[in-house]
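Enquirer: Going down the list, the sequences are from chains A and B. Residues in the first sequence are numbered consecutively from 1, following the numbering used here. Residues in the second sequence are numbered consecutively from 1001, following the numbering used here.
The hints are simulated quantities; they were obtained by calculation from the structure and are not laboratory data. Certain hints may be false.
Here are the simulated lysine-lysine pairs, DSBU-like style, with alpha carbons at most 35 Å apart [claimed, not checked]:
#1 Lys1336(B) with Lys146(A)
#2 Lys299(A) with Lys1320(B)
#3 Lys1148(B) with Lys200(A)
#4 Lys214(A) with Lys1362(B)
#5 Lys1157(B) with Lys214(A)
#6 Lys1184(B) with Lys146(A)
#7 Lys1320(B) with Lys291(A)
#8 Lys1366(B) with Lys229(A)
#9 Lys1184(B) with Lys200(A)
#10 Lys1148(B) with Lys299(A)
#11 Lys214(A) with Lys1320(B)
#12 Lys1362(B) with Lys1329(B)
#13 Lys209(A) with Lys1366(B)
#14 Lys299(A) with Lys1366(B)
#15 Lys1157(B) with Lys200(A)
#16 Lys1336(B) with Lys1366(B)
#17 Lys1320(B) with Lys229(A)
#18 Lys1148(B) with Lys214(A)
#19 Lys214(A) with Lys1366(B)
These numbers come from a predicted model, not from an experiment.
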Amino acid sequence: MEERGTRKVSLRGWGGVATMAVACALTVVFALLLPLTQRGGAVGGDGSTGAGPGGVAAGVQARADDCDADVEGKEPERSVSRSGSDSGGAVQAIMDRGYVSVGVDQNSYRWGYRDPNNLDESSELEGFDIDLAHEIAREILGSPDKIRFKAIPTNQRIPAIQRGDVDMVVRTMTISCERLKDVDFSTAYFQTGQQVLAPKASDIDGFDKSLGGKRVCSAAGSTAESALKQGRTDRKIPADTDISETVPNQLDCLVRLQLGEVDAVVTDGALAASQAAQDPTVQLKGEPFTKEYYGVAMKKGSDELVRRVNGILEDYRKSGGWQKSYDHWLKQALGASEGPPAPKYK
Amino acid sequence: MPPQQTRGAAPPVPAPPAPPRRTAWAEGVDRLRAAATTEPGRLRIIGAVLALLVVAFGATTAWQMTDRSAAADDVLHSSQPLSADAADIYRSLADANTAASSGFLAGGEEPAAVRDRYERNIRTAAQKLVTAAASTDPGTRSAETIKKLNTLLPQYKGLIERARANNRQGFPLGGAYLRYANEKMQTEMLPEAENLYTTENERLRDDYDAATPYPWIAIAFGVLALAALAWAQRRNYRLTNRVFNHGMLAATAASVVVLLWLVVGHTVARSGLNSSYDDGVRSLNVLHDASIASLKARGNENLTLVSRGAETTSVNGVSKDKYDVDFEKQMDLLAKKLTAADALADDSAGRTPVNGANASMKEWLKRHGEARDEDDDGNYQRALDKIIGSKESKPTSECFDLVDQNLDKALTHEQRQFSADAGGGRDAMTGLPAGAALLAVLAAAGAVLGIGRRLSEYR
């Protein structure tokens, strides 16, 4: 919980202390319940990713059994070790082509987005994810601009990799056991969790019974959607919480929220913070109720490329590039960070 | 008239085939029969029948032609303008939506020309909605539709303003608002506008149907009156050996004039109206459809770049960009409507702009393909230049503008043709009701005078 613990918490006095105590207690409860959620979420999966080709099933099955979010050594965010070849194969293909093809988002403020007021033609996309993508291009090809961005929707992240439309996806993509069946991930480059976003004046105080009778929005096919479904099954949120409003993009939830068509939004804390940055009247409510890591997704079996990206991430963490990018894009919304999550290897 | 009618309300007794009691009708018939035994009596009867027939002819002519003339007037001055207004509402809404997305693509500060186009279209839609509401009866389907559109328009404008405000601040939330506004327009407002347009077109078709049928009753009375006049004159000639009876001759001449005027006048009017429908209204409908398809296609093309994959749709199991799929659908429709417009165009002045639009559409498709390729390759800026860029980058905006201008030209031409044909048709009926009535009165007077002259010989 590196960044989370250091988030600016503007609570004062005994009320603040009490709130913190409650928050800590809740965190403990969530930590205990987490395994349930994670496993359930993996089973529920997001529908769009289930379309993986059957051909890789045999090889995948063994790996999938090795994946368990709450067993030390089997967490999904463990990536291939650094030992072994990190050139040839997919890396060579990229070098031959002369540019990296990266799937990104353009609607995630501060992560991957297009600033309509930035008239500089060379960098029409910007954000934390975009910085990382440029860094990868710089390390592999020697220039941060040897890159082609493709804006892909949430439910197209995995098919785009499988079809080979992109070499990798750097798009606030959560590493999960379910997704590991279809794609490979780098080590984690960011830690976040699902969080509730609601108007400041709202009486909603987190992912709990205060959501009773409220309309909650989530992006179709996202982790948030399955977390909401799971939450209702597990009775963590009341049965009369209306979770039927799903939208094509997480940002569409903020539109619905501003128009009063929904009462709350559930999305990654990082993305919820990016929404809060665009509307000062809404805020994150309660602590993250899941623990998730963002990773760079690549084609299944392209170990050389994964190793290469892991190596780049190591350098990125150490050189202060990560910190610089965080401070530039995210510090304002998420508060100061103690640093990137430590890499875990198999 | 049945004989029972004079007996007032005594329904229990079923109508007897042979009336046992004498009725006024029977008495009248008897009296006529008695009168018919003398020549003066016969002449009186003939005179009365002739006058009746001629007056009936005049009256039915005036009545039927007043109806048709009024319907033709409605076509020209009420239902067609209303149908054109409905088409304008539909078109300006689609145009405003397209302008909104164009302005968005251009960045936080939208170009003045695009903003003006948006504002102008919203204004047009709002004004025409007021006009349409004023000429629609409350409770009708059109009134309901207009009410809905009046509710939705400010909502839509609100969403667009939010989108602009957020876009100006550089927030991607603006794009999300724009997509939401577009959805409201595409799934709620445009279908309503289309309803209104269809309803108004049906009303126009009804007016045509009321204006164009032949006035058969009037024609039948005319033929009957002329036949009766001919018979009476022939009888007169045989009994008196006088070739001409001036009164009846005048009556015949007047009736012939009315009948000819009626038949020729209506035939001319009918052909004018029919050609105004076939060459005008049908062309106008197809051209309006084409214009709306091109506007929708342009809006979708813009949104493909605004959303950049934020929304997808599944086509035969393959997931595609929602807006690009919609673009292709509208371009297909545009191609179909342009082919139909070409087939309907009856002169080169109508055909030239349609062909121009067709050529621009093909170029548009070609350039759009190039823009998509650039975007799929990740060259967003180059794709953007291909859509709204300057002249050197050969953007699709040029092609869209050409399609739009050509369709405008074609619409103006067809509207002019409609007004000329329908106006000519309506004018062919001018004076017919009044003229027919006057001539019929003269003819009746002639017939009565002619008979009176014969009657005077028996004094």
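Enquirer: If a hint holds in the structure, say so; if it does not, say that too.
Expert: Here's how the hints hold up against the structure:
Note on Lys1336(B) and Lys146(A): the hinted pairing is violated, with a Cα-Cα distance of about 43 Å set against a maximum of 35 Å. With a CA separation close to 21 Å, the supplied pair Lys299(A) and Lys1320(B) stays within the 35 Å bound. Taking the CA atoms of Lys1148(B) and Lys200(A), the gap is about 34 Å. The hint holds against a cut of 35 Å. Note on Lys214(A) and Lys1362(B): the hinted pairing is violated, with a Cα-Cα distance of about 51 Å set against a maximum of 35 Å.
Using a Cα cut-off of 35 Å, the hinted pair Lys1157(B) and Lys214(A) holds, with the two alpha carbons roughly 28 Å apart. Restraint check for Lys1184(B) and Lys146(A): not satisfied, since their Cα atoms lie roughly 40 Å apart, outside the 35 Å limit. Under the criterion of a C-alpha separation no larger than 35 Å, the hint pairing Lys1320(B) with Lys291(A) is consistent with the structure, at around 32 Å. Under the criterion of a C-alpha separation no larger than 35 Å, the hint pairing Lys1366(B) with Lys229(A) is inconsistent with the structure, at around 46 Å.
For the hint pairing Lys1184(B) with Lys200(A), the CA-to-CA distance comes to about 28 Å; that is within 35 Å, so the pair holds. For the suggested pair Lys1148(B) and Lys299(A), the alpha carbons sit about 50 Å apart, so the restraint of at most 35 Å is broken. Taken as a hint, the Lys214(A) and Lys1320(B) pair is honoured in the structure, with Cα atoms around 33 Å apart against an allowance of 35 Å. At most 35 Å may separate the alpha-carbon atoms for a hinted pair to count; Lys1362(B) and Lys1329(B) meet this at roughly 15 Å.
Under the criterion of a C-alpha separation no larger than 35 Å, the hint pairing Lys209(A) with Lys1366(B) is inconsistent with the structure, at around 56 Å. Proximity of Lys299(A) to Lys1366(B) is assessed by CA-CA distance (about 33 Å); at most 35 Å being required, the pair is judged to hold. Distance check on the hinted pair: Lys1157(B) and Lys200(A) sit about 27 Å apart at the alpha-carbon level, within 35 Å; holds. Using a Cα cut-off of 35 Å, the hinted pair Lys1336(B) and Lys1366(B) holds, with the two alpha carbons roughly 17 Å apart.
For the suggested pair Lys1320(B) and Lys229(A), the alpha carbons sit about 27 Å apart, so the restraint of at most 35 Å is met. The suggested pairing of Lys1148(B) with Lys214(A) holds, with an alpha-carbon distance near 29 Å, which does not exceed 35 Å. Restraint check for Lys214(A) and Lys1366(B): the C-alpha separation of about 49 Å exceeds 35 Å, so the hint is violated.
Of the hints listed earlier, those the structure fails to meet are numbers 1, 4, 6, 8, 10, 13 and 19, in rising order.
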